[in-house]
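Participant: Residue numbers for the sequence shown follow the working numbering, so the first one is 581 and each next one is one higher.
Read the hints as simulated data drawn from the structure, not as lab findings. Beta carbons are placed, not taken as given, at the ideal position from N, Cα and C, and that holds for glycine. Check before you lean on any hint, since a few could be wrong.
Unchecked claim - Label-pair distances were calculated between CB atoms; the ranges are:
| no. | residue 1 | residue 2 | range |
| --- | --- | --- | --- |
| 1 | Val623 | Arg650 | 26 to 32 Å |
| 2 | Val664 | Val584 | 16 to 22 Å |
| 3 | Phe698 | Gly608 | 17 to 23 Å |
| 4 | Phe624 | Phe698 | 18 to 24 Å |
| 5 | Thr667 | Leu694 | 36 to 42 Å |
| 6 | Pro607 | Gln587 | 30 to 36 Å |
| 7 | Val643 | Asp680 | 15 to 21 Å |
| 8 | Ala661 | Ala625 | 42 to 48 Å |
| 9 | Gln587 | Val646 | 17 to 23 Å |
| 10 | Ile642 | Asp586 | 41 to 47 Å |
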Amino acid sequence: MARVDDQVLSSAMGFIHLYGDKRLPVPGVAGVVATALTTVAAVFAGSTTAVASGAVALVLLIVWLVIYGRVSAPVNKRLTAAAVAGTTAQGARQLQLTWDSVINVRVVLQGLALCALFSGVAFG
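Generate coordinates for the entire structure from the input sequences, incorporating the hints supplied.
Facilitator: Below is the structure:
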């Protein structure tokens, strides 16, 4: 997207986020709830390793949600509103740079949460 103009950037990313933000909250919330329930189940099963790995995964997912809520979601909302209105978001390029600034951290947090859950299954 670095080579397109601001109007194309704003429109394309706005519509991508429009559909992504409609579809992804359900699996996201389901993942956090499932992680919490798995951690609680591990408590009752008496598996210290599974409890610890589940707790780590839950914290990582909550941090992911905080970053998403504070940085990514507001950007998504502004780009989406502009795309739906057929306008160019003010500061579209900076908005995208803001979104880009946290995506790698969000990916790492998701990956580490997955590793924590796998370790709970493997060693718990």
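Participant: Next, verify each hint and record whether it holds.
Facilitator: Do the hints match the structure? See the list:
{"no.": "1", "hint": "Val623 - Arg650: 26 to 32 Å", "result": "holds (30 Å)"}
{"no.": "2", "hint": "Val664 - Val584: 16 to 22 Å", "result": "holds (19 Å)"}
{"no.": "3", "hint": "Phe698 - Gly608: 17 to 23 Å", "result": "holds (19 Å)"}
{"no.": "4", "hint": "Phe624 - Phe698: 18 to 24 Å", "result": "holds (21 Å)"}
{"no.": "5", "hint": "Thr667 - Leu694: 36 to 42 Å", "result": "holds (38 Å)"}
{"no.": "6", "hint": "Pro607 - Gln587: 30 to 36 Å", "result": "holds (31 Å)"}
{"no.": "7", "hint": "Val643 - Asp680: 15 to 21 Å", "result": "holds (18 Å)"}
{"no.": "8", "hint": "Ala661 - Ala625: 42 to 48 Å", "result": "holds (47 Å)"}
{"no.": "9", "hint": "Gln587 - Val646: 17 to 23 Å", "result": "violated (32 Å)"}
{"no.": "10", "hint": "Ile642 - Asp586: 41 to 47 Å", "result": "violated (34 Å)"}
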